[in-house]
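Assemble the complex: chain S is given as a structure, and chain X must be docked to it using the hints.
What follows is each chain in one-letter form.
Number of protein chains: 2
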Amino acid sequence: MTLETDGENNSQEQDNRPETSHNKNCLLSHPWKPCRRPHAIVKEWLLRLRLCLGTVCGMEWYGYAILGISTAILSFLMDLSVTKLLTAHQWLYMKLEGNILLQFFCWTLYPACLCCFASSFSHNICPFSTGSGIPEVRTMMAGIEMPHYLSLTNMFTKFLGLICTLAAGSTAFLGKVGPFVHLSTMLGAYLSKLCTLIQANKMEKADDEMLVVAAAVGVASCFGAPISGVLFSVEVMSSHFALRHYCPCFFSAACGALTFRLLSVWSGDGETLQALFKTNFPTAVPFYPFEVLLFAFLGLLCGAVSCCYLFCHRLILRFTKTNTVFIKMLTTEKGLYSGMVVFFLASLTFPYSAGQYMASKYTMKQLLTSLLDNGQWSSQFRNASLQVEPSLGWSSSGIPVYLSLAFFLLMKMWMLVLACTLPLPAGYFMPVFVYGAAIGRLLGEGVAYVSSTGGTSGQQWASINPGGYALAGAAAFSGAVTHTLSPVLLAVELTGQFSHAVPILLATLLANALARSGHHPSFYDAISISKRLPHLPSLRKANPRIPSTPLGQVLGVKSVQLQKAAGPVEVLHAVNSSTDTQIPVVESHESQVLLGFVLRPELLMFLRHCKAEGLEKHLDEVCCIHPTSVLLSPHNTVQEAVSILTLVGAQTLFVADRGRLLGLITWPEVVSVCMS
Amino acid sequence: MTLETDGENNSQEQDNRPETSHNKNCLLSHPWKPCRRPHAIVKEWLLRLRLCLGTVCGMEWYGYAILGISTAILSFLMDLSVTKLLTAHQWLYMKLEGNILLQFFCWTLYPACLCCFASSFSHNICPFSTGSGIPEVRTMMAGIEMPHYLSLTNMFTKFLGLICTLAAGSTAFLGKVGPFVHLSTMLGAYLSKLCTLIQANKMEKADDEMLVVAAAVGVASCFGAPISGVLFSVEVMSSHFALRHYCPCFFSAACGALTFRLLSVWSGDGETLQALFKTNFPTAVPFYPFEVLLFAFLGLLCGAVSCCYLFCHRLILRFTKTNTVFIKMLTTEKGLYSGMVVFFLASLTFPYSAGQYMASKYTMKQLLTSLLDNGQWSSQFRNASLQVEPSLGWSSSGIPVYLSLAFFLLMKMWMLVLACTLPLPAGYFMPVFVYGAAIGRLLGEGVAYVSSTGGTSGQQWASINPGGYALAGAAAFSGAVTHTLSPVLLAVELTGQFSHAVPILLATLLANALARSGHHPSFYDAISISKRLPHLPSLRKANPRIPSTPLGQVLGVKSVQLQKAAGPVEVLHAVNSSTDTQIPVVESHESQVLLGFVLRPELLMFLRHCKAEGLEKHLDEVCCIHPTSVLLSPHNTVQEAVSILTLVGAQTLFVADRGRLLGLITWPEVVSVCMS
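Residue numbers (my numbering), protein chains in the order written: chain S, 8 to 683; chain X, 8 to 683.
No lab work stands behind these hints: they were computed from the structure. Being a predicted model, the structure only gives us computed values, none of them experimental. There is no bait here: all hints are sound.
Because identical chains cannot be distinguished in the list, a pair is counted as satisfied if it fits within a single copy or across any two copies.
Here are the simulated lysine to any residue pairs, SDA-like style, with alpha carbons at most 25 angstroms apart:
1. K372 x A291
2. K91 x F111
3. K571 x E594
4. K571 x H596
5. K571 x S640
The shape of chain S in the complex, shown without the other chains (with noise of 0.2 angstroms):
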């Protein structure tokens, strides 16, 4: 073998060399093992080819590769179940044509059945996959441990439980992002535990980086849109963007995206690669300067009516958690629970009821693409014969549009919000992005009924085109609701119409500017206070004022510490009544000089040592004291101390004055202190 990489003599692989050779020869040299030669060969072509990869660049990156395309395929294979599902579920409707109360049933029974199994199974395999889980991520990005939240049995539970909230349609009206985010995730953490294994000595910060990097991928993947997927996730997930990651997540980002065009170029859905939902907008034209004032004026409008969804939001979120029936209801019977209501919602969305006045009839992609067409639906009544279909589920009840739209508006507000209490699988995003859309499609109807009527320009202005109104209405409308500018990019790259871009990014700082101005929660910021967990842009947002306190007023009762010369009986009661995982070590309790700390197993284990042996030591005579990283001074604020927990990777800082130590900082007590 050497004579063979001398042949290919680069610098890279000499570095690699050393390293390499140490690990053979520790791995061949197992003499117990069973079939001894196999494996020594195969174990030589496996190191040979790690070397062969290892001379192109970092093992990392064939991780993120792997990554991005493994979630590609995922979501193509969840795409394409769910569609099956759903063709079957309309193959099912059509064929009973005729028997409105058997249609009634399938209509109905089909969704809430499947909300009931999801619900149960997730309930019983994985109580942890349950909702959206992009709060459950930012908080595990922001350093806190939740080993739970990323175990391969969640994995599965999700995806499965995902695939039959999807398959539940418009009637459940929930979407994929979220949980395809925390899938991702998953995936992510279970190849950066591959890379890890594989390159064992360096990569000690992979697992942060892998995580960060897995976000990205899994908006990339869900819609095969690679630049809004690292910009969503950046945006939502952390506070902080360190650019070293930014070159993985686009990697592995357009890795995943590709793929995912690719497998549906194979599958036969287009001749080429394509935006999921392509429109043809006019180029020439695309919109007239004055234009930008109705832009202007639906962001505001839509950051209106986020306000109000976010208010309708935090209310049933106190509300399940207040209310003794809705409690007991949520933890005993999970399934029976989510039947219920989706079995309400399916009643009331069944075509001959007020389903037909809501396009119920549409899948939630189908709504998109219908809401994004370009023609004017309004001109297309005019002159009937020219009837298109994507107007056709709209006003299938023969009632204008507008009507129509606004019924649809009104009923989903507080449907929507329903569904959000389902404890199953899915995503909030989608969904808000729909409901945007439809709020701009009836500006744009508006607005081209009126230009199309009056005006003595009417040529001029008879282009206008509510398709451009209904993107900018899903950009702001969701952008307003999550607190983030990235949906202008998700807007442009599912549609893959970029001449609308500058009125879009308008429309969705004006709606954000409305939403962020009372200081309410975001949607997943009002998730992550209503499940308490630590992280802090949300927990801000539920105190405002902490984050710029000096540490020295929040720091509580003092912490438990040894001294140098401790023996066993204040060792055994600092074990006893501390559960910290670091100790603080100080001179003496009189001086109170911080000297470092020591680990609680070291602690253990001198009590074990101390009790075989029956002496009297002193805890610097057998443990050895870790010194401190960075030191906190009570005049910093809790922010800082925050964003230094997060920078340095630690579970817990020391805060001393003068070299004296004054007590410490977990990330458990920054979520006691801000939700006090």
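Relative to the frame of chain S, chain X by itself:
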């Protein structure tokens, strides 16, 4: 006034009232002012205006809007004057048709004089205004104070100098982005001072925030591209991006881009808001799936060429720093040097000499437009009757466009490197972008030629669009040279084409991977290193091991320190032997327990006090010992120290071990450690 405001009583206003009435009282109660009444009235109205504005949003948001709008106006004015100057040159050149000698002098002396003027003007008025400015701006944004670079004189000089540089056209082959970022930063610093003046009490960190926003606005207003502007500034400027800057950046960038585009609509450039280089790529099948591989190859090609370019650039930077003739020339005769170099370049691009083979009659804008054209130039040749405009400049001499493009690439490589040594305000991004477009075009034309002549599926392949390759090449090459990914979005925003986003992203990622693989500095890093700017991410390129070294190993000689009971003699010694602004105070020289620090001015006051009273006082009796902020331990790495310096916004941090002072870390110290 109280009566009036009671009418519009809202919560935000109530918050504002105490401070406002306080300010009002203090402003109205100056008894010695002349014409007190008019003063008072004007002030009352201003305060009332401020109150009105304050109810909508914070004063800083008006600052951001004004920043965006004024930068866009500056950018528009600059474009306008450059166009006028270029037209004048073209007009003169055309008028002299028939007399080649006069034409030659017109062609060469016009840009030479302009550049000579730009160079000597900027050298004499403000020598800090030469070059791109991006390396200096990002050093300031990392927390280092460089007041010379933010003066209004500098802004004026840079503005005028840049107009002259740009008016030299494609001969000098220099761009606008870098200096414009610097310009908008200077404007931002000025506006930030105004903002602080208006709302006196809060906003300590506004200064910093305004700089970040201004950097984003610079790029956005330069091209009317808000999204990529923000992302480019994030990527180039910082190593950590705080998400609280996200909204201000996008808001200001959107204002800037909107103003820029509206101004060009109103000036009659187009009917509506459009992309700067609007293209008409076919939307039905923008590219075939197999072309993704060709885009990947293009990315690798661009990466390889960028390595070559960066190598030449580093070489010439070192040459200008070491060659004595050069140094003498550049210190004393800047104007002459610029004039000579540009004269030489212009004599080469003269349309009757080598210029005829490299489309030298085109301006930078026309070059880019012609390269991004979606028609195939090669097919235009075969049916000569259809020969359309864009390729005219490339085949004016009758040679095939391939040769013309290849000659352009070969010549411009060293001409561009030479132009980088010119001591005048100039940007280096746009030339690189155009160069990359030419690489892409060459490959695209080649692919189109091969596909249209050979192969059985000629019909299908004939629709290959070389413009897409040019766009991908531009993004990939400029991304590789600057080590960024945002040129992807810039390419999309400049042309309004989103259909090619995924292949462009792929090409740029691969080009970046190749360009970064050798751990060489990027274009801006090389300038930073050559100018010895204290910017860590680029210093890391010079010395890659430093950031992960523990502080304990790099702390130099013991810093000056004072003990608590220090007398005037010790203080005098400390003041004379140290230039730090913060001098640490310890309990005693034996114990070395760190108590805090005293400020230099306080020490000088202490000395004066002791001299005046003739007493032997102790330090702690007179001076206030300030408590330290975050304390570093010797086990923290240099990287962590720099991150915390940036995070806390401090200029000095102390390093202590077990309460005992070890040393201190300042920005200059970090630089000297990294450069050693």
